[in-house]
Amino acid sequence: MNRERLKTLILSILVIMSILFTQRIWFYSPIRILQSQDSFREKEIAKAIEVRNQLIAPEKTILSFGGNYYTVTSSNTDKVWKQSKKVLEEYFSGEPIVKATTNERYREARKLKSIELKFGENIPSILISSTFNTLDNKIVRDIKEINKILIPAFNRGIIYIGGEEDHLYEVKLEEYEDNRLLLDFIDDFSRKSHEKYYPLFADVNNDIIMPLSYNTPVPQIVVESKINVNDDNNIIEHAKGFFNENLDFVKTIKETSGATIFMYGYGEKGVRINNRGRLEYNEEISSLSSSNVVASLDTAIDFMLKKQQKFPENLYLKEIKNIQKDENKGYYFGFSYRVGGLPVEFHMNNMSHPIEIEVYGDNVSSYRSFIREAMKLQGVTDKSAVLLPQKIIEDHITLLKEEYIKDVEEEDLHDKEMIRNIEENISSIQMIYYDSLEENRMQLLKPVWKIVIGNRQYYFNSYDGKLLHSGPLE
Amino acid sequence: MMKKIIASAIVLLALSGSSVLAHGDTTQQTTAKETTVEQESLRVINPRRDMVSGDNNMVLTFSAPEGTTVTIDVYYNTSVSNDKQNYVQAYDTIEVEIGALKRGWTEVELKKGLNKIDFTAIYKNGSEEVITRIIEVKDMEEVKQQVEKSIINTSSTEALKNIANTGGK
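The listed protein sequences derive, respectively, from chains A and B. Just so we're aligned, residue 7 is where the first sequence starts under my numbering, counting upward by one. Just so we're aligned, residue 6 is where the second sequence starts under my numbering, counting upward by one.
These are calculated hints, taken from the structure and not from any lab test. Small disclaimer: the values here were computed from a predicted structure and weren't measured. Wrong hints could be hidden among the right ones.
[To be verified] Taking lysine-lysine pairs in the BS3-like style, the calculated list, with each CA pair at most 27 Å apart, reads: (1) B:Lys129 x A:Lys422; (2) B:Lys129 x A:Lys117; (3) B:Lys143 x A:Lys117; (4) A:Lys117 x B:Lys117; (5) A:Lys202 x B:Lys143; (6) B:Lys143 x A:Lys198; (7) A:Lys198 x B:Lys117; (8) B:Lys129 x A:Lys119; (9) A:Lys397 x B:Lys117; (10) A:Lys412 x A:Lys389; (11) A:Lys198 x B:Lys149; (12) B:Lys149 x A:Lys202; (13) A:Lys119 x B:Lys117; (14) A:Lys198 x B:Lys116; (15) A:Lys117 x A:Lys232.
[Claimed, not checked] Sample of chain A residues with no beta-carbon within 12 Å of chain B, all distances over it, derived: (16) Phe27; (17) Ser219; (18) Asp368.
Every residue gets a Cβ at the ideal spot worked out from N, C-alpha and C, and that includes glycine.
Whole structure, please, built from the sequences with the hints as guidance.
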């Protein structure tokens with residue numbers, strides 16, 4: 007009898023245990039696994055959004071202190087953008103009135119204390135809006151592209167937006183709260199050291215601002231290509247990422263030019279790294295189209311995060327284009343980056359920005375990158391005095407006049423008239439680093455004044471005023 | 006009778022309106038003439054005339070023929086009396102060589118009160134020409150108060166006149 011009881015007891019314990027364990031396996035564990043998967047995905051999405059918000063930022067910002075006195079920031083843009091976003095959020099999340107406005111109104115507002123944000127080329131308003139976590143609002147519906155935003159410091163519930171084809175809009179909130187956010191920010195900024203800019207050609211109706219003295223030393227920077235082409239292992243390391251870290255089914259070809267080609271299958275996918283360290287990736291994609299620019303940008307970011315070993319610092323979105331291959335529609339994204347606070351530019355036949363990526367649907371069909379990194383060298387940071395842009399223009403006036411005559415195709419123009427026209431047509435002046443692409447390693451980047459006059463752009467060495475490159479505006 | 010009065014009023018209005026327009030036209034013509042004539046000699050673009058400013062710093066813009074040397078002397082008024090000024094040179098003479106753009110710029114520091122700026126052009130042929138501007142620097146608050154006071158106390162046209170007068174002093 008006793009023995010039977012013991013058996014029953016053991017059996018019931020076993021039954022209870024089996025129920026408990028089954029429950030652990032079937033109810034608790036899978037949920038936890040699913041949860042961890044979810045949070046991984048969430049983290050990935052959060053990371054992509056964070057990167058997107060970093061990439062969508064103004065290229066340069068202009069602070070107006072009032073009284074015809076301004077400053078241009080290119081290295082401090084983050085701070086200005088962050089502050090401006092606090093004000094802009096209301097406009098993107100609210101229901102403002104959007105109406106067309108005139109250039110005069112815009113210019114008047116710019117003369118008073120204000121912040122002007124200048125974005126890259128053809129940036130759709132929906133992308134800028136996405137940084138405020140809203141994709142559908144009045145601004146996105148009424149304005150297609152945003153090139154620049156002007157925020158008056160005296161908050162009257164009005165901002166100005168420069169859109170596609172130089173259209174200007176006034177965006178007005180019906181209800182707004184008075185605040186001194188920007189006013190205090192601008193006043194604080196004016197007390198810190200900065201370069202003063204003035205509208206030196208205001209009398210010929212040109213608002214272009216230029217410095218009358220430039221005291222901030224701008225050093226030359228020594229850079230090297232991110233991919234070291236002399237090291238085969240380094241080349242393979244960079245190519246691997248594009249083939250799921252596995253080169254077993256990938257053909258490798260060395261060209262006589264020094265370029266290395268990695269090809270998968272019958273050429274469905276290929277990577278070419280040239281003798282300068284420029285990487286080009288191409289993939290054949292089935293017919294896919296995309297109409298959502300935000301999703302396409304996310305695809306591009308996701309691709310870059312996965313394939314690039316390290317994301318270059320200070321990267322920003324510079325240009326967007328609609329592209330078409332056969333029947334498929336997609337987007338081209340051009341990215342640029344800053345070194346030592348200044349944008350880096352170069353001239354290459356088949357590339358206009360340091361990173362170019364083409365997206366169709368949720369696939370990347372082409373990716374090109376040519377990234378330079380600053381080398382840590384001591385004792386080579388040469389600093390010389392910076393020449394003023396107006397002095398450079400004056401020194402090169404003969405060349406500017408010659409090119410002007412070519413452009414207008416008129417020969418018997420009066421000298422005075424020609425100079426006046428040149429002065430009227432100066433549309434942009436910016437300090438940048440120019441990469442002359444002579445060396446893979448130990449390339450010296452010189453600070454350069456990039457001056458745009460009419461349809462032409464000029465790159466002048468800011469130390470000695472020599473012309474390094476000129477050409478038609480891209 | 007009423008009709009006549011209204012009609013004559015309209016005619017008078019139309020006449021006065023057209024005279025304003027005509028007046029505007031003549032000034033435009035003269036400025037156009039000025040630019041063509043003055044292009045060959047020293048011309049001060051900013052400040053265009055004697056003026057009141059709320060800022061201690063001022064950018065001077067001027068034009069002159071290529072090869073001209075323009076010197077700029079800034080004087081501060083040290084006299085405390087309102088009727089008589091005693092101008093003392095503030096700092097070393099600023100020298101600007103005029104190049105191919107036929108333009109010159111310089112930033113000067115002014116002091117509260119009256120300031121005198123002398124622009125001297127020394128042309129290639131050795132001849133000289135001097136243009137003088139008197140700039141009164143006032144605190145922003147002072148300028149604001151003045152404007153506000155005149156707005157409260159007087160009619161808008163007089164307020165405008167007041168501002169214009171101080172500008173032309």
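A quick look at each hint next to the structure:
no.: 1; hint: B:Lys129 x A:Lys422; result: 19 Å, holds
no.: 2; hint: B:Lys129 x A:Lys117; result: 37 Å, violated
no.: 3; hint: B:Lys143 x A:Lys117; result: 20 Å, holds
no.: 4; hint: A:Lys117 x B:Lys117; result: 24 Å, holds
no.: 5; hint: A:Lys202 x B:Lys143; result: 22 Å, holds
no.: 6; hint: B:Lys143 x A:Lys198; result: 24 Å, holds
no.: 7; hint: A:Lys198 x B:Lys117; result: 23 Å, holds
no.: 8; hint: B:Lys129 x A:Lys119; result: 42 Å, violated
no.: 9; hint: A:Lys397 x B:Lys117; result: 32 Å, violated
no.: 10; hint: A:Lys412 x A:Lys389; result: 37 Å, violated
no.: 11; hint: A:Lys198 x B:Lys149; result: 26 Å, holds
no.: 12; hint: B:Lys149 x A:Lys202; result: 25 Å, holds
no.: 13; hint: A:Lys119 x B:Lys117; result: 23 Å, holds
no.: 14; hint: A:Lys198 x B:Lys116; result: 22 Å, holds
no.: 15; hint: A:Lys117 x A:Lys232; result: 43 Å, violated
no.: 16; hint: Phe27; result: 81 Å, holds
no.: 17; hint: Ser219; result: 8 Å, violated
no.: 18; hint: Asp368; result: 54 Å, holds
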